[in-house]
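Colleague: This is what each chain is made of:
There are 2 protein chains.
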Amino acid sequence: MVVEMEVNNGENTTNNWVPIMKKLHMNVIGEKMKKFPKLTCRTIWRVGKEDPRRVIHSLKVGISLTLVSLLYLMDPLFKGFGSNAIWAVMTVVVVLEFTAGATLCKGLNRGLGTLLAGSLAFLIEYVATKTGHVFRAIFIGAALFFIGATATYMRFIPYIKKNYDYGVVIFLLTFNLITVSSYRVDNVLKIAHERFYTIAIGCGICLLMCLLIFPNWSGEDLHNFTAAKFEGLAKSIEACVNEYFSDDEQQKAKENSSDLEDPIYNGYKTVLDSKSFDETSALYASWEPRHSRHCYRFPWQQYVKLGNVLRHFGYTIVALHGCLQTEIQTPRSVRAMFKDPCIRLSGEVAKALKELGDSIRNRRHCSPEILSDHLHEALQDLNKAIKSQPKLFIGSKNNTNKLTLATVISKGQSCALNSRRVSLSSVKTDTSALLDWKSKLRGGSSTTHENLKLRPTLSKIAITSLEFSEALPFAAFASLLVEIVARLDLVIEEVEELGRIAHFEEYNDDEHVVEIDRKNSRPLPNQLPTQDSGD
Amino acid sequence: MVVEMEVNNGENTTNNWVPIMKKLHMNVIGEKMKKFPKLTCRTIWRVGKEDPRRVIHSLKVGISLTLVSLLYLMDPLFKGFGSNAIWAVMTVVVVLEFTAGATLCKGLNRGLGTLLAGSLAFLIEYVATKTGHVFRAIFIGAALFFIGATATYMRFIPYIKKNYDYGVVIFLLTFNLITVSSYRVDNVLKIAHERFYTIAIGCGICLLMCLLIFPNWSGEDLHNFTAAKFEGLAKSIEACVNEYFSDDEQQKAKENSSDLEDPIYNGYKTVLDSKSFDETSALYASWEPRHSRHCYRFPWQQYVKLGNVLRHFGYTIVALHGCLQTEIQTPRSVRAMFKDPCIRLSGEVAKALKELGDSIRNRRHCSPEILSDHLHEALQDLNKAIKSQPKLFIGSKNNTNKLTLATVISKGQSCALNSRRVSLSSVKTDTSALLDWKSKLRGGSSTTHENLKLRPTLSKIAITSLEFSEALPFAAFASLLVEIVARLDLVIEEVEELGRIAHFEEYNDDEHVVEIDRKNSRPLPNQLPTQDSGD
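Sequence order for the protein chains is P and D.
Per my numbering, the very first residue in the first sequence carries number 1; after that it's consecutive.
Per my numbering, the very first residue in the second sequence carries number 1; after that it's consecutive.
Simulated from the structure, these hints should not be mistaken for laboratory data.
Fair warning: there could be bad hints in the mix.
If chains are identical, the list can't say which one is meant, so a pair holds when it fits in one copy or spans any two.
In silico DSS-like pairs for lysine-lysine, Cα to Cα no more than 25 Å straight-line [what the hints assert, rightly or not]: (1) Lys-34 <-> Lys-162; (2) Lys-161 <-> Lys-79; (3) Lys-235 <-> Lys-354; (4) Lys-235 <-> Lys-275; (5) Lys-339 <-> Lys-354; (6) Lys-275 <-> Lys-162; (7) Lys-354 <-> Lys-269; (8) Lys-354 <-> Lys-305; (9) Lys-35 <-> Lys-161; (10) Lys-79 <-> Lys-190; (11) Lys-162 <-> Lys-38; (12) Lys-161 <-> Lys-275; (13) Lys-269 <-> Lys-305.
Given the sequences, and given the hints that come with them, work out the whole structure.
Modeller: Structure follows, in structure tokens:
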């Protein structure tokens with residue numbers, strides 16, 4: 001790359017750019033092509049390793065297709081169904097989904113759509129047969145237009161879009177097929193019958209495959225995902241607080257690197273992005289039969305509600321994470337004073353979250369000591385630590401006098417030199433920064449573009465040059481931490497509600513005893529769900 | 001309801017519950033049935049009123065279906081295509097989507113899938129014809145299994161799932177149809193040809209309808225949605241800060257009511273939930289032709305990036321909103337001291353956000369004075385206001401002595417009595433609350449359920465009983481407000497990047513001149529995109 005650019009470093013550089021770019025482009029493509037097979041193999045391997053059920057599902061689809069094609073391939077069966085057997089193959093391809101709930105939802109939608117469309121088509125056929133040939137064509141055309149437009153419009157209604165979108169498409173498809181065919185074919189009834197039977201066979205094979213052979217339940221996925229979310233949040237909080245108090249400069253470099261490998265970000269990311277997965281899984285789960293031992297209705301609505309509460313809990317963690325990346329930072333020496341109580345508090349919150357996650361995973365009520373004394377002691381300690389440093393929260397009294405701040409900082413061992421931003425603010429007083437900023441802004445409209453590029457940095461200077469009490473960001477951090485403890489209550493409430501509705505096991509101190517007793521345990525008769533799940 | 005319950009208030013109440021519940025249930029259903037037609041009509045009307053393009057799209061689908069059915073209904077056309085004309089009808093039903101991008105994506109996927117499947121099926125047909133009848137059936141079955149399992153597994157690969165999921169389904173469908181049919185029918189080539197032609201005709205009608213007649217562009221939707229997000233965020237911030245400083249008790253009641261009508265919540269909700277819409281729209285927009293006047297590539301990736309930054313901006317607003325709902329509140333009297341600078345700052349931020357939204361909506365660069373002097377002045381004022389109240393951030397020095405706090409509060413006119421929570425904390429000292437909490441917790445394992453219900457409230461008491469400096473929550477509020485200003489920079493950066501990539505108009509002070517000049521204006525040649533949009 002560099003060589004090529006140097007060779008062409010003579011005149012006419014702009015014209016030479018194009019072939020160079022092309023060459024570079026070709027090189028890049030060439031390299032990509034070389035890497036492609038290796039990358040593909042790795043991706044294919046990883047997809048299977050992440051979730052081995054995917055491999056099983058693929059094999060299930062293969063087996064179902066082979067089974068259903070027997071209808072066409074084996075002579076005795078072909079005589080029964082004829083060429084319409086092809087519809088069974090189509091049904092299997094379209095309906096067999098990864099989880100039982102999704103398959104049921106699609107299969108029943110397909111069945112319902114076909115039935116409704118068939119009935120309506122026959123009604124229209126009944127009216128149309130009484131008219132002449134040309135009129136009949138016009139009548140069919142008008143019916144297609146009217147039903148097509150109505151059905152499409154129906155798909156925009158939120159309730160139908162959510163539950164029956166696929167059903168409406170199939171309704172439209174079948175209706176059109178039957179109505180149009182009826183113009184040329186006489187025995188439409190036979191076609192419709194055969195189509196219905198073969199679709200039923202296809203759906204039957206799909207249901208057999210998805211319900212009886214290594215079934216994947218959407219409800220189960222949602223359940224495990226919910227439990228995993230708690231662990232992610234717990235890790236996130238712990239990592240966030242640890243990083244805030246770490247005096248390692250490496251940590252700072254890590255902050256600036258991409259968010260992708262950040263353990264804090266990874267912890268809450270899944271929670272923040274969980275909305276659509278939660279809702280889709282809950283929708284499919286609502287179609288699933290009561291597959292658990294106790295045959296309770298799967299409380300999918302409560303899982304969605306818990307997901308919402310967890311997302312809101314996650315937003316507070318994002319704000320806490322924001323304290324690590326903000327422009328105005330409390331010096332590390334000041335932070336160090338509050339290190340122990342904060343880390344202890346975050347540890348207790350993380351412990352509570354992990355306990356909640358475990359309780360959901362094991363389908364038992366959470367420990368009554370989940371809001372442990374330790375949590376409250378940690379809160380008290382933080383309280384005491386903050387009160388023991390009253391001077392911290394006083395800013396410098398005027399712009400020139402930095403003594404108060406300086407004394408506070410010198411109290412800790414290392415000083416403001418550690419913090420790039422603090423030194424910046426001491427070099428540029430706010431007035432000079434603002435003046436600089438204004439003069440650069442007024443530089444002229446011809447160089448607007450450069451100004452636009454410069455501005456963000458300038459505004460950062462303007463913010464850092466403000467002499468907010470430097471303990472203010474720490475106050476925000478501490479306040480958010482306390483807020484997290486307060487929000488933990490809401491989460492616990494929802495988890496308990498879930499426990500009640502889903503008839504979780506009672507909490508037992510000795511986990512192993514619970515494991516053994518689980519098979520015989522029944523819920524107490526007075527433990528009726530306090531809230532009906534929105535019948 | 002009440003009457004029935006009282007009548008049955010004798011013995012055996014538990015058994016009588018069931019019929020009562022059933023009656024109530026029937027009544028509820030009856031009422032629902034009565035309301036149903038009215039509700040349905042209203043919903044149907046609202047769906048159309050919200051977005052009149054939906055009505056147009058429905059009519060377009062109706063017209064397309066009628067057009068395509070002519071292939072079957074009109075004698076000369078039917079002679080050309082025969083009964084395979086039905087595939088064209090199916091294609092229209094399945095492919096014609098609301099936006100041009102979605103239709104193109106599905107249409108091209110369908111075309112590509114059909115072509116690939118056809119080629120592969122002929123290869124297999126070529127091998128299979130050389131074997132005997134029985135062997136051929138086994139060979140076909142094996143091919144179905146192998147290709148079915150492989151294609152299904154492919155759908156789990158993220159890249160394929162995102163871009164070609166529908167194409168793989170159609171590939172599998174067509175492959176199975178041709179391969180299975182080839183066992184009984186001799187001229188498979190003719191079937192495949194006809195199927196391909198009719199699908200092409202169906203796709204052609206769809207493209208005609210979606211590209212030429214009242215086209216809806218996904219890119220346009222994404223563009224308008226992005227601009228609307230800015231307005232939502234601006235409203236949210238203003239409403240949030242106004243509510244924080246309003247001394248109206250009504251506001252407090254509103255806080256406790258459901259989140260649904262809350263203007264703050266509504267403002268940022270769309271932004272937080274925008275992820276899946278953004279990504280889907282961007283995906284479809286990437287398939288759309290360069291429909292703008294200048295024929296630039298639609299910078300869909302930049303819109304997704306901007307959406308991510310806006311979501312992160314939104315999280316900070318959620319945290320700010322959390323300050324309104326938190327357990328420990330700074331007394332309103334104390335807050336009032338900082339009312340003006342905070343409201344001014346939020347007003348400036350909202351103004352900047354609205355300007356950004358306007359600039360995107362009108363496809364022009366944003367005003368170079370977007371980070372106005374006013375914003376910096378407001379920041380300075382807040383800074384001064386906080387520094388002028390140094391005592392505020394000092395908590396009481398020990399548990400019994402509340403004098404410092406009291407003096408601070410008495411400084412403002414109204415006192416802690418206003419705040420329910422503060423009075424609570426003064427009634428229960430933290431030690432007594434903790435003791436209470438412990439004794440209730442230890443009450444015995446038989447009443448675990450009651451304990452579980454009581455706990456959250458107890459933990460709230462434990463938190464409020466902590467004597468954190470009551471200015472701490474305000475410090476968090478102020479810090480988050482400053483954080484929002486800092487994050488505004490990131491947003492501005494992304495908007496400018498978008499402006500560069502999408503070749504927005506230059507900013508012009510006199511908006512009307514720009515409007516008139518727009519037709520003749522061309523981007524300057526040196527304004528090449530600084531970043532290639534991920535070729």
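Colleague: Evaluate each hint against the coordinates.
Modeller: Here's how the hints hold up against the structure:
no.: 1; hint: Lys-34 <-> Lys-162; verdict: between (44 Å within a copy, 24 Å between copies)
no.: 2; hint: Lys-161 <-> Lys-79; verdict: neither (40 Å within a copy, 38 Å between copies)
no.: 3; hint: Lys-235 <-> Lys-354; verdict: within (9 Å within a copy, 37 Å between copies)
no.: 4; hint: Lys-235 <-> Lys-275; verdict: both (20 Å within a copy, 24 Å between copies)
no.: 5; hint: Lys-339 <-> Lys-354; verdict: within (22 Å within a copy, 40 Å between copies)
no.: 6; hint: Lys-275 <-> Lys-162; verdict: both (14 Å within a copy, 18 Å between copies)
no.: 7; hint: Lys-354 <-> Lys-269; verdict: within (17 Å within a copy, 28 Å between copies)
no.: 8; hint: Lys-354 <-> Lys-305; verdict: within (19 Å within a copy, 33 Å between copies)
no.: 9; hint: Lys-35 <-> Lys-161; verdict: between (42 Å within a copy, 21 Å between copies)
no.: 10; hint: Lys-79 <-> Lys-190; verdict: both (15 Å within a copy, 23 Å between copies)
no.: 11; hint: Lys-162 <-> Lys-38; verdict: between (40 Å within a copy, 21 Å between copies)
no.: 12; hint: Lys-161 <-> Lys-275; verdict: both (17 Å within a copy, 19 Å between copies)
no.: 13; hint: Lys-269 <-> Lys-305; verdict: both (18 Å within a copy, 16 Å between copies)
Hint compliance for this structure: hint 2 is the single one not met.
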